[in-house]
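Go by the hints and put chain A onto chain P.
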Amino acid sequence: MIAVEQLEISAGSFALRGLSFELPAGSYGVLMGRTGTGKTTLLEAICGLRRVHGGRIRLEQDDVTDWPPARRNVGLVPQDAALFAHLSVREQLGFSLAVRKQPADTIRQRVEEVAGWLGITPLLDRSVSGLSGGEAQRVALGRALAFHPRVLCLDEPLSALDQDTRESMCDLLESIQARTGVTVLHITHNRAEAERLADRILHLQDGRIETRHA
Amino acid sequence: MSGDHAPLSGSDRRFYAVLALIGGCYVLLLVAMLGADAAYTTPGHLWEALQSPEIRYAIRLSLISCTITTLLSLWVAVPLGYLLSRTRFPGRDLVDLIVEIPIVLPPLVVGLSLLILFQTAPGRALEKFFPVTYAVPSVILAQFMVACAFAVRTMRTTFDQLSPRPEQVALTLGCHRSQAFWLVAFPAARRGMLAAATLAWARSLGEFGPILVFSGATRFKTEVMSTTVFLELSVGNLEAAVAVSLLMVVTAVAALFILRHWGRETALGEPRRS
Chain P
1 MIAVEQLEIS AGSFALRGLS FELPAGSYGV LMGRTGTGKT TLLEAICGLR RVHGGRIRLE
61 QDDVTDWPPA RRNVGLVPQD AALFAHLSVR EQLGFSLAVR KQPADTIRQR VEEVAGWLGI
121 TPLLDRSVSG LSGGEAQRVA LGRALAFHPR VLCLDEPLSA LDQDTRESMC DLLESIQART
181 GVTVLHITHN RAEAERLADR ILHLQDGRIE TRHA
Chain A
215 MSGDHAPLSG SDRRFYAVLA LIGGCYVLLL VAMLGADAAY TTPGHLWEAL QSPEIRYAIR
275 LSLISCTITT LLSLWVAVPL GYLLSRTRFP GRDLVDLIVE IPIVLPPLVV GLSLLILFQT
335 APGRALEKFF PVTYAVPSVI LAQFMVACAF AVRTMRTTFD QLSPRPEQVA LTLGCHRSQA
395 FWLVAFPAAR RGMLAAATLA WARSLGEFGP ILVFSGATRF KTEVMSTTVF LELSVGNLEA
455 AVAVSLLMVV TAVAALFILR HWGRETALGE PRRS
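Just so you know, the sequences run in chain order P and A. With our numbering applied, the first sequence covers 1 to 214. With our numbering applied, the second sequence covers 215 to 488.
In short, the hints are calculated from the structure, not lab data. Careful, some of the hints might be misleading.
Output of the computed footprint for chain P on chain A, the stretches with three or more beta carbons under 8 Å from beta carbons of chain P [stated by the list, open to error]:
{"no.": "1", "stretch": "294-302"}
{"no.": "2", "stretch": "392-401"}
Computed spacing ranges between beta-carbons, pair by pair [what the hints assert, rightly or not]:
{"no.": "3", "chain 1": "P", "residue 1": "Gln61", "chain 2": "A", "residue 2": "Val290", "range": "43 to 51 Å"}
{"no.": "4", "chain 1": "P", "residue 1": "Asp162", "chain 2": "A", "residue 2": "Pro401", "range": "27 to 35 Å"}
{"no.": "5", "chain 1": "A", "residue 1": "Trp289", "chain 2": "P", "residue 2": "Pro24", "range": "45 to 53 Å"}
Glycine is no exception: its CB is placed at the ideal position from the N, C-alpha and C atoms.
Just chain A, with the same shape it has in the complex:
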């Protein structure tokens, strides 16, 4: 459409115009939505929200829990994604199906299921030594259950798209399987890991349903940014709810921007696809 491409004919222009119109409507709606949020609030409201100790606690807990969840998700997603992509084992299809469940399940059901799990005998036994339900670990666990599924799917796709051939060559060069993984597959999957981390972090930041059910919304304890929006809305404080929403938007966009920029930097020297 620009640069050195061949000039467009009339029908080409109409084709691109229709694509741009359809796509543009969605982008416009998103921008309008965020613009409305921004117009509704004032710098004063934002400042006020940032001064509130409850909201500051929620922001801090959100940032910490999302980061821990992201690290945990990657820790699980890289090996599981690699196993699902590279190996054939009995029950593989079933495992594949199970790890997709959190993606299709309503988030509220994830929270309820976790709550019920921790009401079983093993769950209650664990809680005696390490309180989970309605405590900070429950926030991380609720975020992790959903975010990890997205990270696993991303890593599986990443390894699917990476040719196994370099790993096979590494085996002939003297590597064991684990060395071929760490020295060849793992570095080659770094862009996928960044994508999985971004997705896990963003999903965790926006997680609400499972946290509300499994962790509650106790101020100075299990309140994260998404629950703040809910709590402020429920007491009729729309200004604070919108201010925190905007903070979430800014935080999420900043995280996406940083990770994408970092992704581009580290992606320099990508393989020449021959």
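Same shape as in the complex, but just chain P:
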């Protein structure tokens, strides 16, 4: 569950004030709105990457407003995938578990499980330099899922993909959410993508969020 109450964030001359919404546990929320309305800023605040000047952010039963990103257990998939250029696909997927000092066997099993879900098992020992856009997004998704996050934040992950790849990624996102039950907050400009994936569509406009069931 994501609950945002009277949130205040500012980034330079841009500011969001008194923003509130709630996304129930296990739901798929799609956040829409024009460019420059603060969608990514809001996502960054939920991930703990942006300072909050007022209001609260709760994830499940925890008030995480003042928590560092590492403690929040939120997976992030940015628009450009932001893969770690010096690591292989396998190392990307196991990164969060290695940071948590999990045993090598546990990491290997989890990496193979997540890679199986995403259909990237044949890519595991490749470097990320030659991956296509769709492959890179799958790896970024796997990296964000490996540590069992309670919330998954997707920042326009499909915007740079061609129509066919976008369709298959939508299938994948649906199956991943059904399998893991993770709460998803997904930013997109694509109405068809939103209608297809969302339980709830959140529309950010003029500093306010309107929520409607899809």
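Coordinates of chain A only, in the frame set by chain P:
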């Protein structure tokens, strides 16, 4: 202009010809300059220079001091470049300005300023336990003051050009800031570090003014290759001066070649810019 590019029209050819002419003049001048050096000296002069114990000491000191300076410069430039690029703190602009000073200052002034610094009470107190002025540490310090500024500028540009996004993702994956730096930013900056190291090493090899003022030019003590050229010139031994100059050219070119080659090797697997 070659390969699979579209055929060039007449005006395109003229455009490239003008570019090539302007650029070519400079390259030609450089090659002519080095060619003149090479033509002036003979293998005998070079051999003679290499046999001289003073010159051998200078070469050894140059190589050792440049390497130490490079390591020190990287040690400072990586954290400072990262701080200047990634963080906003009070006085950041001032720090940014201060670290650029050695780049614009005449090298001689750097040497003089160091000399004056070590004449102050804290400087003199340090010298009692650890002699710096007119000793080998002064050579390294004089090289470091200038070379480090170039290394900091290179590292700052490197981190500016690296997206902070992977580090942010690393934070969400469970990293602290320091882990995000060591596990993500640091490996991604390796090409920049090679560039900074090359630049620092080359600047240190060519450093002359600050060393002459702050370290003196004492044979078998603070003489490096650049001071050898000056000393040999001042006693009228032009052949030895040119021979050592050529050795410096060869050393610098070899260092550039090795580092560039190494840079290409380690750069394999660079990120796909999406």
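**Message:** I want to verify a distance hint. Is the separation of the beta carbons of Trp289/A and Pro24/P within 45 to 53 Å?
**Reply:** holds (52 Å)
**Within 8 Å of chain P's CB atoms, at least three CB atoms from the stretch 294-302 of chain A: coverage verdict** = violated (count 0)
**Asked** So the hint says 43 to 51 Å: do the beta-carbon atoms of Gln61/P and Val290/A match that?
**Response** Given range 43 to 51 Å: holds, Cβ gap about 46 Å.
**Request:** Establish whether the coverage given for the stretch 392-401 of chain A by chain P is satisfied; the threshold is a Cβ-Cβ distance below 8 Å, and no fewer than three residues must meet it.
**Result:** holds (count 4)
**Prompt:** Are Asp162/P and Pro401/A spaced within 27 to 35 Å by their CB atoms?
**Reply:** holds (31 Å)
Comparing the model with each numbered hint stated earlier shows that hint 1 is the single one that does not hold.
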